Every structure is written in structure tokens, then in C-alpha cells.
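Residues in the sequence shown are numbered from 1 upward in steps of one, following full-length UniProt numbering.
Hint data in this document are derived by calculation from the structure and do not stem from the laboratory.
Be careful, since some hints might not be right.
Claimed, not checked - Across the chosen pairs, the derived CB separations fall in these ranges:
hint, residue 1, residue 2, range
1, 8, 52, 10 to 20 Å
2, 35, 64, 41 to 51 Å
3, 61, 20, 19 to 29 Å
4, 12, 66, 11 to 21 Å
5, 5, 31, 35 to 45 Å
6, 43, 1, 26 to 36 Å
7, 30, 6, 39 to 49 Å
None of the values given here were measured: they were computed from a predicted structure.
Glycine is no exception: its CB is placed at the ideal position from the N, C-alpha and C atoms.
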Amino acid sequence: MLDIIIRSALDIVGRAERLIEASKRLLVSEGLDEVEVYELDCEIERLGDAVFVVDEAIRSLASIVGYWPHAARTHGIHRTLH
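Taking the hints into account, I'd like the entire structure generated from these sequences.
Here it is as C-alpha cells:
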């Protein structure tokens, strides 16, 4: 179950990164006025920060999940903990 969550979250991170790149391309186009460019630039920055945090959290979770079976065997935990 956690592997599905991790894969889905990494997919969302990838989609958000593609959205950021598309937004940056929009910034250099001629169709926006100064205020719109500034607002879009601020939103891109915020989205980039959020994507970075989520990506780090998911990768951390993935490493913990990957470590868990090894830790369970090492410490003699052979049943599901709730």
C-alpha cells in the first residue's frame, strides 16, 4: 500500500515540475502584462518550494519503508504493527 502512495506522490511531483516548466515558458511569452508576470512568477516560486518539500518527504518515506523490512528482521519483529 505504501509503495502505491509513494509512486503516486512522485508522479504528482513530476506533474507539478512539468507545470512549473510550462509556466516559466509562459512568463517569457508576450501575452502577459507586468503585474501578471510578477504574480505568475511568485506562484511558480511557491509551487517550486512546495514540490521540493513534498519530494523530500516522499523520498524520506520511501527510504524508511525500504529500511523497515530489514529492521523488522534484525529486531525480531515478524508481525504487523498497528
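Outcome for the supplied range 39 to 49 Å, where the beta carbon pair is residue 30 and residue 6: 41 Å, holds
Residue 35 paired with residue 64, Cβ distance criterion 41 to 51 Å: Given range 41 to 51 Å: holds, Cβ gap about 44 Å.
Range hint 26 to 36 Å (beta carbons of residue 43 and residue 1) holds or violated: For residue 1 against residue 43, whose Cβ atoms are near 33 Å apart, the range 26 to 36 Å holds.
CB-CB spacing for residue 20 and residue 61 relative to the 19 to 29 Å hint: Roughly 22 Å apart at Cβ, these two residues keep to the hinted range, so it holds.
Cβ separation of residue 8 and residue 52, checked against the hinted range 10 to 20 Å: Taking Cβ atoms as reference, residue 8 and residue 52 lie about 18 Å apart, which means the hint holds.
Verdict for residue 12, residue 66 (Cβ pair) under range 11 to 21 Å: Holds: the Cβ-Cβ distance is about 20 Å, inside 11 to 21 Å.
Range hint compliance [Cβ, residue 5 to residue 31, 35 to 45 Å]: 38 Å, holds
The earlier numbered hints are all upheld by this structure, with none contradicted.
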